[in-house]
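As you go down the protein sequences, you meet chains A and B in turn. The first sequence begins at 1 in the numbering used here and counts up by one. The second sequence begins at 534 in the numbering used here and counts up by one.
Hints are computed from structural coordinates only; laboratory data are not their basis. Owing to the predicted nature of the structure, the values given are computational and were not obtained by experimental measurement. Even for Gly, the Cβ is constructed at its ideal location relative to N, Cα and C. Check the hints yourself; a few may be wrong.
[To be verified] Cβ-Cβ distance ranges computed for the label pairs, FRET-style:
1. Gly737(B) x Gln459(A): 32 to 38 Å
2. Thr472(A) x Gly726(B): 39 to 45 Å
3. Gln459(A) x Asp770(B): 46 to 52 Å
4. Gly189(A) x Thr584(B): 25 to 31 Å
5. Ala544(B) x Met193(A): 48 to 54 Å
6. Asp780(B) x Ala314(A): 23 to 29 Å
7. Asp770(B) x Leu135(A): 55 to 61 Å
8. Thr595(B) x Leu114(A): 23 to 29 Å
9. Ile616(B) x Arg107(A): 54 to 60 Å
10. Leu590(B) x Ala131(A): 52 to 58 Å
[As the list claims (entries may be wrong)] Which bits of chain A does chain B cover? Going by a derived footprint, with three or more residues having C-beta under 8 Å, they are:
11. 61-74
12. 311-317
13. 321-331
14. 338-352
15. 443-455
16. 493-507
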Amino acid sequence: MSTVERPAPPRSYLEEGFGLRSWLTTHDHKRIAILYGIGITAFFFLGGLAAALVRLELVTPAGDLVSAETYNKAFTFHGVVMVWFFLIPSIPATLGNFLLPLMIGARDVAFPRLNLFSWYLYIVGGLFTLACLLLGGIDTGWTFYTPFSTMFSNSHVMLAVVGVFIVGFSSIFTGLNFIVTVHTLRAPGMTWMRLPLFVWAMYAVALVMILATPVLAMTLSLIALERLFGVGIFDPALGGDPVLFQHFFWFYSHPAVYIMILPAMGVVSELITHGARRRIFGYQFMVWAIIGIAVVGFLVWGHHMFVAGQSMYASIVFSILSFIIAVPSAIKVFNWTATLYKGDISFDAPMLYALGFVGLFMLGGLTGLFLAATALDVNLTDTYFVVAHFHYIMVGGAVMAYLGGVHYWWPKITGRLYSEAWARFAAILMFFGFNLTFFPQYILGWEGMPRRYHEYLPQYQVWNVLSSAGATILGVSYLLPLLYLGWSLRRGARAGANPWDATGLEWQTPSPPPLHNFAQTPTVTEGPYAYRQ
Amino acid sequence: MILPQASSVAANVDDLFNALLALCTLVVVGVFTVMIVFCVKYRRGTAAERTPPRQHLGVELTWTLVPFVLFMGIFGWSVHLWIKLRTPPKDAAPVYVVAKQWMWKVQHPGGQREIDQLHVPVGQPIRLMMTSQDVIHSFYVPAFRVKQDVLPDRYTQLWFTATKAGTYHLFCAEFCGTDHSRMRGRVVAMAAGDYARWLQAHAGVGLAAQGRALFRQLGCSGCHDPRAGVHAPDLDDLYGRTVPLADGSQALADERYLHDAILLPKKQIAAGYEPIMPSFEGRIGEEDVLALVAYLKTRGTQTENDDEHR
Chain A
1 MSTVERPAPP RSYLEEGFGL RSWLTTHDHK RIAILYGIGI TAFFFLGGLA AALVRLELVT
61 PAGDLVSAET YNKAFTFHGV VMVWFFLIPS IPATLGNFLL PLMIGARDVA FPRLNLFSWY
121 LYIVGGLFTL ACLLLGGIDT GWTFYTPFST MFSNSHVMLA VVGVFIVGFS SIFTGLNFIV
181 TVHTLRAPGM TWMRLPLFVW AMYAVALVMI LATPVLAMTL SLIALERLFG VGIFDPALGG
241 DPVLFQHFFW FYSHPAVYIM ILPAMGVVSE LITHGARRRI FGYQFMVWAI IGIAVVGFLV
301 WGHHMFVAGQ SMYASIVFSI LSFIIAVPSA IKVFNWTATL YKGDISFDAP MLYALGFVGL
361 FMLGGLTGLF LAATALDVNL TDTYFVVAHF HYIMVGGAVM AYLGGVHYWW PKITGRLYSE
421 AWARFAAILM FFGFNLTFFP QYILGWEGMP RRYHEYLPQY QVWNVLSSAG ATILGVSYLL
481 PLLYLGWSLR RGARAGANPW DATGLEWQTP SPPPLHNFAQ TPTVTEGPYA YRQ
Chain B
534 MILPQASSVA ANVDDLFNAL LALCTLVVVG VFTVMIVFCV KYRRGTAAER TPPRQHLGVE
594 LTWTLVPFVL FMGIFGWSVH LWIKLRTPPK DAAPVYVVAK QWMWKVQHPG GQREIDQLHV
654 PVGQPIRLMM TSQDVIHSFY VPAFRVKQDV LPDRYTQLWF TATKAGTYHL FCAEFCGTDH
714 SRMRGRVVAM AAGDYARWLQ AHAGVGLAAQ GRALFRQLGC SGCHDPRAGV HAPDLDDLYG
774 RTVPLADGSQ ALADERYLHD AILLPKKQIA AGYEPIMPSF EGRIGEEDVL ALVAYLKTRG
834 TQTENDDEHR
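Take the sequences, apply the hints, and build the full model.
This is the structure in structure tokens:
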């Protein structure tokens, strides 16, 4: 893509200071990415523990392991933590922060101090959420539906609401930073249509973050007003409207799903082109699909509310828009598949994760069609079908892509290689563990098992046991990378600047990169993924 | 385990589900096959021919437009069924449901009351008028393929026609607090004759009659009686009429209008009247409101025959 003259390797960003202070006051996008990485990993395993409790309880139909109250708090904690403290920051705040400036040939993001400030906001928000857990938890579900959350729940709703409110600003500032960075700091020759798809995905997701997240902040403020001061907004006993809350909440939370999946699509485009050593098939269609998803994503929120008391005609409009947004997703799957055509395919760990992503994303996306179809959604909504659907997208999709990306860029980030055999094993184990966990939940949903049930009818037990067994395998497959990547940090072989022989500006600088990324600002002369053929 | 098809719409819903399932299976098998073939044929080290393919606008447009057309087909089919699911037949018999943490209370027009149970006749369309006393619940009968959220201070409706006698599970599908998963019940569908006998055995004071008693007890008649000295709207034949409001707009006097007129009288003020009616919010429960509404629906030509007015 370009050439950069490299004299003797300069000091890497990891050697720019070793004390805790050098990390906590850093303005370097790469170090901030690492700080985020540590935070989201901790929250991922905390949220995972809550999920483990839920799956253990559901091994038997009776509610016999924990009380209903504890169970409700466990799934609420799982949802709140995984959505706001893992998934939403996962790819943008770690890989995005690390790679965005590198990929466009910049020295840092546009506002390095703001970048560090958003990490502190993330931590403060996280502390509120942990305080909520330690003081007894919250039992409203991650959706905070009113009037239950405002007038009826006796748990620590306010602590969680404040935590999520604060962490929302962390994503708003990250979004702002990314938009300005992409607009102003591209290297000479890096035109919009030469941007790697990962950068496009980061740009689109940043737009969604700054447009949607403020609505979440307002909604949570209204909850606080009603819960603390009895101002009637959502509670009908005070003259409010509970369905209004759902409109506000999903106006943010549906775009939030795209905040989770768009970055994953960006990562996978990088991994598949590298794995197949081919240009991406239909680059322009891929770009427009990203933009299309980001825009139409704002217009489909009502598909969460087909049976919530929304008008029949409104539901029809939301239904057709939800079918329309499936088209760009389909385009992306077809283009990824076509990218394999006449490729020179190797199956290293990142590629396995990427192929796993495509398969799971397809199953998650197609089951979304069932939920977009109003007449089918009546039966399926609020059952395990929905639970399976969004886990295929957010865990099968987003988490697979995140881990694939971590493996692909690990040598760049740490300067070390990891055990390829273990990494491949973990990727394959994850794919099977995931399907065993969540595929049975589609069947449970079709057979009518409602979600958020502490106890259930005995007829549903077989599928629940399979699901819990799968969750055990999935848990192991998530622990494995922690071990072999941890081992690689200390003992892994040194990686060169470009161990994958990949294109992309990030590979044109030493691993790990120096503080200001490039010795000289690179000049870009061609589009991305220029693999020789 | 196969979910029973026990309502008039269940088979229609399942047909759509199966059609979409077949379509999706086809897509999944197709894409997976292509992926696997490419992965095998073009794996590193094979001697396959690898001249880079040209980008094809035609290919892109094909796999954009074909899914679009298929999606629109499924959408059309679904909307057709959706409108049917949402539009109760004219002859649907009303039954009233009040949900609260964590039980279902059912009232039949004949005064029969049930908790966590609903008896219905086979072959007769039933229209449930539902409201909640506290948080949001959701009335879900998988065997009927129907579900509707039940909201506080508002009526939502749900209709179905049971087609097979039997007992079916009723779930609360919207998370409603600690014992959400215990907020279950059963729907008993019975042959018409059995149902008539059941109604007979459980008959109580009719809902409209309960409402009439409340109407006097709560002092409503003190103002709304035609002979009363206070200038208050005439309630005869009110149900189903279009009411002009003080702000110049109009409202249809349906169940929700009557419900709100009792609990939130300041919300919609009838044109030509002072907003002097006190609110009954907090003084009476949703079940009493249901009885009053049932009574108001009968007022009009039928009330001419009532003893009271003779």
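How the hints compare with the structure:
1. Gly737(B) x Gln459(A): 32 to 38 Å: 35 Å Cβ-Cβ, so the 32 to 38 Å window holds.
2. Thr472(A) x Gly726(B): 39 to 45 Å: violated, 53 Å
3. Gln459(A) x Asp770(B): 46 to 52 Å: Distance hint for glutamine 459(A), aspartate 770(B) holds at roughly 50 Å.
4. Gly189(A) x Thr584(B): 25 to 31 Å: holds, 28 Å
5. Ala544(B) x Met193(A): 48 to 54 Å: Hint holds: Cβ distance 51 Å, inside 48 to 54 Å.
6. Asp780(B) x Ala314(A): 23 to 29 Å: Given a distance of about 24 Å, which is inside 23 to 29 Å, the answer is holds.
7. Asp770(B) x Leu135(A): 55 to 61 Å: Hint holds: Cβ distance 58 Å, inside 55 to 61 Å.
8. Thr595(B) x Leu114(A): 23 to 29 Å: Violated: the Cβ-Cβ distance is about 45 Å, outside 23 to 29 Å.
9. Ile616(B) x Arg107(A): 54 to 60 Å: holds, 59 Å
10. Leu590(B) x Ala131(A): 52 to 58 Å: Distance hint for leucine 590(B), alanine 131(A) holds at roughly 56 Å.
11. 61-74: holds (count 4)
12. 311-317: As far as the segment 311-317 of chain A goes, the hint holds, because 3 residues have Cβ atoms under 8 Å from chain B.
13. 321-331: holds (count 6)
14. 338-352: holds (count 9)
15. 443-455: holds (count 9)
16. 493-507: violated (count 0)
Of the hints listed earlier, those the structure fails to meet are numbers 2, 8, 16, in rising order.
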